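A.B. asks: Spelled out from the first residue to the last, the chains are:
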Amino acid sequence: MSFYFFGEKIRLVSDIIAGYLSIFLMGIAAVVFLTYYKKWGALWRYVKTTHHSKVGILYLSAGFAFFLRAGLDALIIRAQLALPQNEFWVFQGDKYNQMMTTHGTTMIFFVAMPLIIGLMNVAVPLQIGARDLAFPFLNALSFWLFLAGGALINISFVLGGSPTAGWTSYVPLALDEFTPATGNDYYSLGLQVSGIGTLLTAINFLVTIINKRTPGMKLMRMPLFTWATLVTSILILFAFPALTVALLLLMFDRLYGTGMLAADAGNSLIWQHLFWIFGHPEVYILILPAFGIFSDVITTFAKKRLFGYSSMVIALVLIGFLGFMVWIHHMFTVGLGPTSNAIFAISTMSIAVPTGIKIFNWLFTIRGGVITFNTPMLFSLGFIPSFVIGGVTGVMLATVPADYQYHDSYFVVGHFHYVIVGGTILGIFAGVYYWWPKLFGFMLNDVLGKWHFWTFLIGFHITFFPMHIMGLKGMPRRVFTYLPEDGLTGLNLASTVGAFMMGGSMMIFLWNIYQSYRHSPREVGNDPWDGRTIEWTIPSPPPEYNFARLPKVYSSDAWWQAKKYQNGRLEAAEELSPIRMPLDTAKPMLIGMFMLIGSFGIIVEVWYFQLVGLLGVIGLMVLHSFQDSGRKMVTPKTHPDEKIGGEE
Amino acid sequence: MMAEEKIVFSKEFTEEETADRVLGLWFFIGAEIVLFGCLFGVYLTLNNHTVPGESPGELFELKQTILATFLLLSSSFTCAQSFLGAKKNHYKKSFFFLISTFVLGAAFLGLEAHEFFKYVREGHTFTSSPFMSSFYILVGTHGTHVLAGCTWMVLLLIHLKRERITSYTKAKLEAFSLYWHFVDVVWIFIFTVVYLIGKAGIIY
Numbered sequence: 012m013s014f015y016f017f018g019e020k021i022r023l024v025s026d027i028i029a030g031y032l033s034i035f036l037m038g039i040a041a042v043v044f045l046t047y048y049k050k051w052g053a054l055w056r057y058v059k060t061t062h063h064s065k066v067g068i069l070y071l072s073a074g075f076a077f078f079l080r081a082g083l084d085a086l087i088i089r090a091q092l093a094l095p096q097n098e099f100w101v102f103q104g105d106k107y108n109q110m111m112t113t114h115g116t117t118m119i120f121f122v123a124m125p126l127i128i129g130l131m132n133v134a135v136p137l138q139i140g141a142r143d144l145a146f147p148f149l150n151a152l153s154f155w156l157f158l159a160g161g162a163l164i165n166i167s168f169v170l171g172g173s174p175t176a177g178w179t180s181y182v183p184l185a186l187d188e189f190t191p192a193t194g195n196d197y198y199s200l201g202l203q204v205s206g207i208g209t210l211l212t213a214i215n216f217l218v219t220i221i222n223k224r225t226p227g228m229k230l231m232r233m234p235l236f237t238w239a240t241l242v243t244s245i246l247i248l249f250a251f252p253a254l255t256v257a258l259l260l261l262m263f264d265r266l267y268g269t270g271m272l273a274a275d276a277g278n279s280l281i282w283q284h285l286f287w288i289f290g291h292p293e294v295y296i297l298i299l300p301a302f303g304i305f306s307d308v309i310t311t312f313a314k315k316r317l318f319g320y321s322s323m324v325i326a327l328v329l330i331g332f333l334g335f336m337v338w339i340h341h342m343f344t345v346g347l348g349p350t351s352n353a354i355f356a357i358s359t360m361s362i363a364v365p366t367g368i369k370i371f372n373w374l375f376t377i378r379g380g381v382i383t384f385n386t387p388m389l390f391s392l393g394f395i396p397s398f399v400i401g402g403v404t405g406v407m408l409a410t411v412p413a414d415y416q417y418h419d420s421y422f423v424v425g426h427f428h429y430v431i432v433g434g435t436i437l438g439i440f441a442g443v444y445y446w447w448p449k450l451f452g453f454m455l456n457d458v459l460g461k462w463h464f465w466t467f468l469i470g471f472h473i474t475f476f477p478m479h480i481m482g483l484k485g486m487p488r489r490v491f492t493y494l495p496e497d498g499l500t501g502l503n504l505a506s507t508v509g510a511f512m513m514g515g516s517m518m519i520f521l522w523n524i525y526q527s528y529r530h531s532p533r534e535v536g537n538d539p540w541d542g543r544t545i546e547w548t549i550p551s552p553p554p555e556y557n558f559a560r561l562p563k564v565y566s567s568d569a570w571w572q573a574k575k576y577q578n579g580r581l582e583a584a585e586e587l588s589p590i591r592m593p594l595d596t597a598k599p600m601l602i603g604m605f606m607l608i609g610s611f612g613i614i615v616e617v618w619y620f621q622l623v624g625l626l627g628v629i630g631l632m633v634l635h636s637f638q639d640s641g642r643k644m645v646t647p648k649t650h651p652d653e654k655i656g657g658e659e
Numbered sequence: 019m020m021a022e023e024k025i026v027f028s029k030e031f032t033e034e035e036t037a038d039r040v041l042g043l044w045f046f047i048g049a050e051i052v053l054f055g056c057l058f059g060v061y062l063t064l065n066n067h068t069v070p071g072e073s074p075g076e077l078f079e080l081k082q083t084i085l086a087t088f089l090l091l092s093s094s095f096t097c098a099q100s101f102l103g104a105k106k107n108h109y110k111k112s113f114f115f116l117i118s119t120f121v122l123g124a125a126f127l128g129l130e131a132h133e134f135f136k137y138v139r140e141g142h143t144f145t146s147s148p149f150m151s152s153f154y155i156l157v158g159t160h161g162t163h164v165l166a167g168c169t170w171m172v173l174l175l176i177h178l179k180r181e182r183i184t185s186y187t188k189a190k191l192e193a194f195s196l197y198w199h200f201v202d203v204v205w206i207f208i209f210t211v212v213y214l215i216g217k218a219g220i221i222y
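If you're matching them up, the sequences are chains A and B in order. So for the first sequence, the numbering used here puts the first residue at 12; every next one is plus one. So for the second sequence, the numbering used here puts the first residue at 19; every next one is plus one.
Chain B extracted, bound-state conformation (with noise of 0.2 angstroms):
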């Protein structure tokens, strides 16, 4: 028995792949949900272990944060049009789109790097109490989940330009829209268990 080999490069997904793509991915974010699971039990647990001066109720400024989720959640609408647009193939709202959900994903980024700062320059630093240590491990992971997305952006942008819309780059945005969805779903129980309950004061 012979076989016949040739080597191809075609910026072309079947449809096959594209399916593994996505499905992997689900499973992915099924990891991801324990891996931030442990980390809020985690965070739960050891938000009482603080130091005079550095609970959450002193510590936390909605404002800011308030903003941070709205940014967040705003690039979750623009990302889902940019995908919308690669499946009508309308690659200019979809590259549109991209670029505003990468624009607001940074501006997330940047706030959180301003928030961190603060932090660090009022001497509430990581090693400071095993609560610091336990918030900054959980929006810090989250935060690095928000940052490789925006590498992931810089990637699809370049493939989006080089190859326009196709099966191939398609699939690349349905993976990323996912995983990016994922990443807002886990800010808003940040947000929620994190900075609203620890503002409210609201210790286990």
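Next comes chain A alone, as it looks inside the complex (with noise of 0.2 angstroms):
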């Protein structure tokens, strides 16, 4: 059975029904949810926010919606590989490497990327003292351009095939002579639209550090996240055009007949150093963030002020550097001549320094302090072991001859999910934690907390350790099956052992969720963990204004020093007075639809879809340069005491 979808045949068999089938369910039981709790107007609330806070929450609810999806997808590659010449559904040959694919691509741009902006979102206005982002509009549409195009490549696998050519689309494999299927097409044009909505979301965060601090917030007195915050904005800045234009050309040659990307008339290579230029910032991208979670969370419950400030963040901004100088370190094997290797062999091993750096400061911040193990805090002590390993096989990597021997295989796959997973997904857990309070007032449950922790990360090491050991002996990336005798089983089967485990942590998470949201005391108070930043001074959650009043900052840990000098009270830097707010709008979530609507028109070759997109996008641009003087003028009334912070 198969039907025609604007000329691309979709054979409806059982894998595709499935997925049919279960967004026909998940749609019903939005709307019945939604309805029987009355809570369209809630959502509504939401779709038109551009509060930061507000659009944090979307930017994380989404995160872990995608997370499910390719979590899934990361088990069925795993039951697939769990024993040799397995055949588990239909998951072999190109339906395996569309899994493969799609797990990797959402994992890293709908998945770690969104969680860790929303995080961002959330936290770095209230960490130096801002009511909002520097454009709250800007926020908004960077949130409805990441889901448009995180929907458009979640949406591929039910109308003719997601991307195949894995997460990196290596032309010229990626390209319509070898990969003829609509797959690689949402693959370029849906990382184009949500790539264009994190480099709004970089310009945005990179103004509000520079502009919006508080009085006496200096550059050096910010908390960690918010500094690894403005790296990470300085990397996508200056990292994410050249994706831009890697899939510019991918779309070019794949869509309109060009061969700029193909092996004979053009060159292959330009997709390589293009997507590598972008893609060696983008790791760390992900991981600087992480690593301002860890500095704050383990300051806060080592109650101590964090070793070496300064040279952490000379380190944040030394890797943020060198994380550009390394890119070749992807293409040992391309055969660039061992000058350009040993060059980039080299840097890539300095990158061990400033990293070496922050791992030492963190040990000896914990070192001598008062420690509290509570959830966020295991999330941050599991992190630093685990990322030393990934760390340890980065260099063993970077060494040019032996990388001849890892290129390709499982050694790589081990490598880098020891410091994504080990790395950002724990930030991220650690932060979402750590978070949880201020941005929804009660906690989340410490028990089932630490439940999640030790089956996350213990899970975490049987599935991914393993991986090295099939790697040295010989087993590539990317092959769906293996033979007996290649002695891979028992690996093989411990990894997948271990991936359930994983998944079974994650619903240990999302049943502390409701568990949470249902029996945990309200009333958590302005501060919970007996914190050292000034998000900490406001109540939680922060009226839509955050802070009544500004507050004065003499030193970093402010809130701290406060609390220790100044019988916890913080000095206002200005009189109480009407405060500017942005309005709601719906125009970003508008715009993000006709993205969506032209872009999906690109892919399906369909002329009117493509010019409803452009004109709507264009004419909501025109109308929001009309509309863009609105404000809402708010006037707290708080206390008059003079002094900010405390209960209340």
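It is possible that some hints are incorrect.
[To be verified] Simulated crosslink set (DSS-like; lysine-lysine; CA at most 27 angstroms straight-line): (1) A/LYS461 x A/LYS314; (2) A/LYS59 x A/LYS648; (3) A/LYS598 x B/LYS29; (4) A/LYS598 x A/LYS643; (5) A/LYS598 x B/LYS179; (6) B/LYS106 x B/LYS179; (7) A/LYS648 x B/LYS24; (8) A/LYS59 x B/LYS29; (9) B/LYS29 x A/LYS643.
These are computed hints drawn from the structure, not numbers from a lab. The structure presented is a predicted model; accordingly, all values stated were derived computationally and were not measured.
Using the supplied hints, reconstruct the complex from the two chains, each of which is provided in its own coordinate frame.
C.D. replies: Quick look at the structure:
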């Protein structure tokens, strides 16, 4: 059974039917839920919002939804690889390629990125004493563009097949000559649209952090998470345009008949260079915010000042800078010659120095501290050894002659999962547990949190540690099966067991959210963790203007200093006065929708969709140009106390 | 804790809002530099991937491009005059020079469209060789920026007409003039790298 969808033949086989069914059932469930609990109004308020913490919540929820999808892909991959010559459902050959490509692409662009940007949205304005981001409209727009891109890549599975060329989408494999299905068109357009959103968000955070700090919040007094956001935003700013160009070339080659990336007429290496000029900074875009979160969490729960604050900042900047100098280490086996390989090997290894500085500074921060072993702290402590393993294998991979052996083997898969899961994802969990009470006004259950942590960490090591050995034994990445005599059965089976354990761990996390939402005491107060930075001086959840009066800051860890030396009160930097807040608007959502329609039109090559998308986007931008002067003047009525902070 | 809310529509930007916009545009230009840098890289890699009779030296005509360069660089001057006029609250000067900028930008676009049509008529289309594709993408992306700038100018002219010189229109004009100067700078590089060096027959 099959039908045609804009010229693409879609076979209704079991997995595609399951896909349609799950979309249909989840849609029905959502409608029933929203109607039964009368939440349509609340949803509409979120759709229209331009407020940073609400946009942050949108980012976090969308990111977790994609997390479940990409996690399901991972489980399918592991089920297929569990045994030699296994045939799990339909996921062999091309379908397997669809799964591993969607898993990688989604996890990087639609899970790690939005979760990190979501936490930035939630925490950064509060940490620097700002009312909102510099451009609230742009912030909402960034979110909707990201969602449009994510929707495109996710929907592709049931509309003719997902992308199949791996998350790196190397040409010439990714050209229509070798992968004629529409999957890779969805890749190029989906990432393009969400990439624009990410770029806008970076500009937004840069301007916010540079212009919107409260009086006295000098750069070298900012919390480390804010510093990490600043450096990350610079990386996004200079890295994403390279991806934009790469995807543009891919789109023209696939859909408009040019041959720039073709092996014969054009030059396939252009893709690899552009992709990794973006791609290597991208991995630092993912890890630096996690570093920032760990710094804040560790100082809070070790009750100590961050050891070597300025060296931590310099290390962040240095990692960000060196991150642009190492992209050839993904291309050692391309054959660019020993000189270029040697230079990039050395620059790669030198990144271990600032990273090592950070690891030791965290250890010295913990040393002699009064440590509280709660969930966010456990995630931070679990991160240190896990990430060190990932870092060490990274230096191994940077050794050029050895890399010829590791290249494209499971060793690489093990390595990058150790840094991305062991670094970024643990950091995201630490951040979510840490800022949850500030965001929602209640704590996540600590006992369930600890179950979540231990099952996740143990499952993580069981899943990914064997991959190093598989790689050393010669198992290449991106294969859907292997032979019994390869001696890889036990390792693969262990890895699959670990993956399902991580899947179970995510269920514990979801259960924790539900349980805590039902049963956790509300009234956590302003400062449930006995925190150090100024986000803990305001109510949880904060009023929409965050600070009724902006606090004056005299040092880093200003709130801790105030608690220690100023009876827990911060001086106000201004009189109580009406605060200019942005208006809600649905225009960002509509722009995202028209972008989706337009990009879809490009993929299926239907001109009227393209036209509608283009006119819609331009029309809304013109409209916004005439409506950008509206402001909401909010007058907070707060106690006439002269100091800020403490319980009300 | 309660809060009072009041919605206002004021065509005034605070100094902070203006500063945010200008800084944001600077960062945007930073990203654009990388974008055009990559496009230049692609062009320089592919400009020898071509078919006989379709090399830069045979294709380009300097006379017309020099005229286009002259138009676009003059538009930078008029754009600066428009912004200076706004700074001195001189509405008429600002408006006149912004219209001049628009006319010069539009004339530039006309010349570029003429050039592209000529090539296409001669059979040098977007898909005829990787060289042509990368040429159209690089020069076309710049042209799209000019087009976007012209559209932006139409909006600015309407704003100026309606609001005269206020902190609101000044902020918009300042952001625009930054953008427009950047687009001009990119053209100088395109003129040098694509047209002059191409005409001289130097191919990498």
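A.B. asks: For a C-alpha distance cap of 27 angstroms, please report whether A/LYS598 and A/LYS643 respect it.
C.D. replies: holds (17 angstroms)
A.B. asks: For the pair we were handed, A/LYS598 and B/LYS29, check the Cα-Cα distance against 27 angstroms.
C.D. replies: holds (20 angstroms)
A.B. asks: Between A/LYS598 and B/LYS179, is the straight-line Cα distance small enough, at 27 angstroms or below?
C.D. replies: Roughly 25 angstroms separates the two Cα atoms, so the pair holds.
A.B. asks: Take a quick look at whether B/LYS106 and B/LYS179 sit within 27 angstroms of each other, Cα to Cα.
C.D. replies: Cα-Cα ~17 angstroms, so holds.
A.B. asks: Is A/LYS648 close enough to B/LYS24, meaning Cα to Cα at most 27 angstroms?
C.D. replies: holds (14 angstroms)
A.B. asks: Need the status of pair A/LYS461, A/LYS314: alpha-carbon distance at most 27 angstroms?
C.D. replies: Holds, at about 20 angstroms.
A.B. asks: Taking 27 angstroms as the top limit, are the C-alpha atoms of A/LYS59 and B/LYS29 close enough?
C.D. replies: Distance of about 23 angstroms is within 27 angstroms: holds.
A.B. asks: Within a Cα-Cα threshold of 27 angstroms, do B/LYS29 and A/LYS643 meet the stated pairing?
C.D. replies: Since the Cα atoms of B/LYS29 and A/LYS643 sit roughly 14 angstroms apart, the hinted pair holds (cutoff 27 angstroms).
A.B. asks: Can you confirm whether the C-alpha distance between A/LYS59 and A/LYS648 stays at or below 27 angstroms?
C.D. replies: OK: A/LYS59 and A/LYS648 at ~26 angstroms, within 27 angstroms.
Of the numbered hints listed earlier, not one is contradicted by the structure.
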